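Enquirer: Here is how the chains run, residue by residue.
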Amino acid sequence: MSDFSRREFLAACAAAGAALKLGPFAMDALAAASGPGLSIARFKTSPQSPEAIADEARRLTREAVNGLGGMGRFINRGDTVWVKPNIGWNRQPEQAATTNPDVVATVVALCYEAGARKVIVSDNSCNTATACFARSGIQQASQKAGADCFILDERRFRKTAVNGKVLNSWDVYGDVLGVNKLINVPIVKHHGLCKATLGMKNLMGVVGGQRNRFHQDLNNTLADLAAFLRPTLVVMDAVRVLTANGPVGGNLADVKRCDTVAAGTDQVAIDAFGATLLGLKPQEIGYVVEAHNRRLGTMDFESLRPRRIEIA
Amino acid sequence: MSHASRYHFIHSIFIFIFVLASAVAMAQDSPESPTAGGTSRPTASEVTASQQLVKLFPSPLPAQAVATAPPSFYSADTLYLYMDGGADIYALYNVQVVLHQEFRAKEVDVTVDIFDMGTLENAFGIYASERSPNYDFISIGAEGYRNQGILNFLQGRYYVKFAAFGPKADAVLDQFARELSARIGGERGLPALLQQLPTANRRPHSEQYLLKDPLGHSFLGPAYLAIYASNGKDSTLLISVGANEAEAGERLRQLSEHFRKTGRCEGAPELGNGAIRANNSFEGNVLAQSKGRYLLVLFSADNSSGAVLANALKQLR
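Protein chains in written order, with this note's numbering: chain A, 36 to 347; chain B, 3 to 319.
No wet-lab data here; the hints were simulated from the structure.
A quick note: this is a predicted structure, and the numbers were derived from the prediction, not measured.
Any given hint could turn out to be false.
To be verified - Okay, the calculated bits of chain A under chain B, using three or more residues with CB under 8 Å as the criterion:
(1) 172-183
(2) 224-232
(3) 282-291
Claimed, not checked - In silico DSS-like pairs for lysine-lysine, Cα to Cα no more than 30 Å straight-line:
(4) B/K214 to B/K316
(5) B/K170 to A/K179
(6) B/K235 to A/K291
(7) A/K153 to A/K316
(8) B/K57 to A/K291
(9) A/K316 to B/K108
(10) A/K200 to B/K214
(11) A/K230 to B/K235
(12) A/K230 to B/K214
(13) B/K214 to A/K291
(14) B/K263 to B/K235
(15) B/K214 to B/K235
(16) A/K316 to A/K179
(17) B/K214 to A/K316
(18) B/K57 to A/K179
(19) B/K263 to A/K316
(20) A/K316 to A/K230
(21) B/K108 to B/K57
From the three backbone atoms N, C-alpha and C, an ideal C-beta is built for every residue, glycine too.
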């Protein structure tokens, strides 16, 4: 066995071993070991027209997921999938406070192409939910792709054992716990408190209760949540990123085009990559460090030898 | 009952509902939390402040706007319900009460957030923390800026943030903001201390007011800072505001000790008795001197920028 293939074999064994630490939404160990852990798709140019940007978002999402081996690696026929974008804010897509609707719709479409029976798209918004779902464009785009996109019902949060380091239990949305797969679809943003809101921070959208209490020990609570939920897949929207005044945003002057979508199975690694798009080092993000130290993944995303796809 | 008094009567009812709802929310069981703690009932001053905020809206509303929902009010404890993690920095600057309301002006949806920050200094602090020198600044209130679909401005103790969506949204924002500014009235200046700082080579809109840990030093807070450019390099002038001359002197002593431990520190007699010149590997060259209740510190000082500190010492009263 050559050195190269021996390395790949050992990496696959490690991935399979990691996948055996199953969360409720984990793909099976064979699927986990059967492909790369991180894929980064980037447009070489920055198209300007709304139609061209929408097309870019769709192509980048497909390429990023295909770079991991395709959605069929993660979604089985008959699966019920929860796609969790950021629909937190009453903002338009150009303001980069919510996930790009075309990224979300493409993830939905890919799930159905892979044989999913049902795809749900939702989030626990911070601003008025009806405004967030409409203004972000996510409701319309995801419903057009066939998703069941609905505003969460406060009554359906259930106290759930998280068994974390600081979170023993918390209110988690009941329907999330009943699906087969969870795909986390965050947008890369500056955050006034924790420097960046990325994938693990985006998971706060499936919990309720007094979420401000998370902020009293954000690093540990986010790591607890990430350890509990362990999404099947993370598709990270960086078509536009919010570089300042996050998470709320609003000012177009704070938005930068990165023309990138990343996809990965290691939620720590993909967050570490996302941090770099904001000019931050992964070790500057406390919850990324905490999750890395707990071996939920690796901050050293380059060690995963990400598949990089450049689109002219 | 006239339209105006009916409008204010309805808002008074909603303030009452806010108080009642807050009391009910406090009484509900909350899920297990990582740390102990709870939210407080709205205080009498918060209720009074809420009533003041409602009165700021002109009647009739600008651009033929109508409210699409009753106003929501938030305190420092409950602002996270509206802003999630974005609330923390407002709490840091001692936000008193926030009014949030949505309107519709023909085809334009307008969102108005009025933050009562209690003092001009705190309002400036949060406003300045969110602005960037490259924004499109406009003359409204003490200062404001705009971009497509947003307009934010500072006036007295209030920080006002508008967002609008729809055709000709920016024109609606401009009218709404100016009429609201006229209703707020009062002083339209930035904090007085900023006007005492040297203006030569100062980067416009670089001033900030930092309550906590200015430039990583907890003992220096609260402090103002401004960026100065000289010979292609930036230096930062920080004015730490003490309660009195003794406190400013103590802060200078702590700063000296910090640099003695981390690098080098010696006297700078050209700046007066007690002034220091210091440096370390991560903060660069520093000059510092106290005057009255203020400690002035120039970070990344060099031979040319040292004059900034000397001029500031002369001008500061």
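Enquirer: Starting from the hint list further up, note which numbers the structure goes against and sort them upward.
Expert: Structure breaks hints 1, 7, 8, 9, 16, 18.
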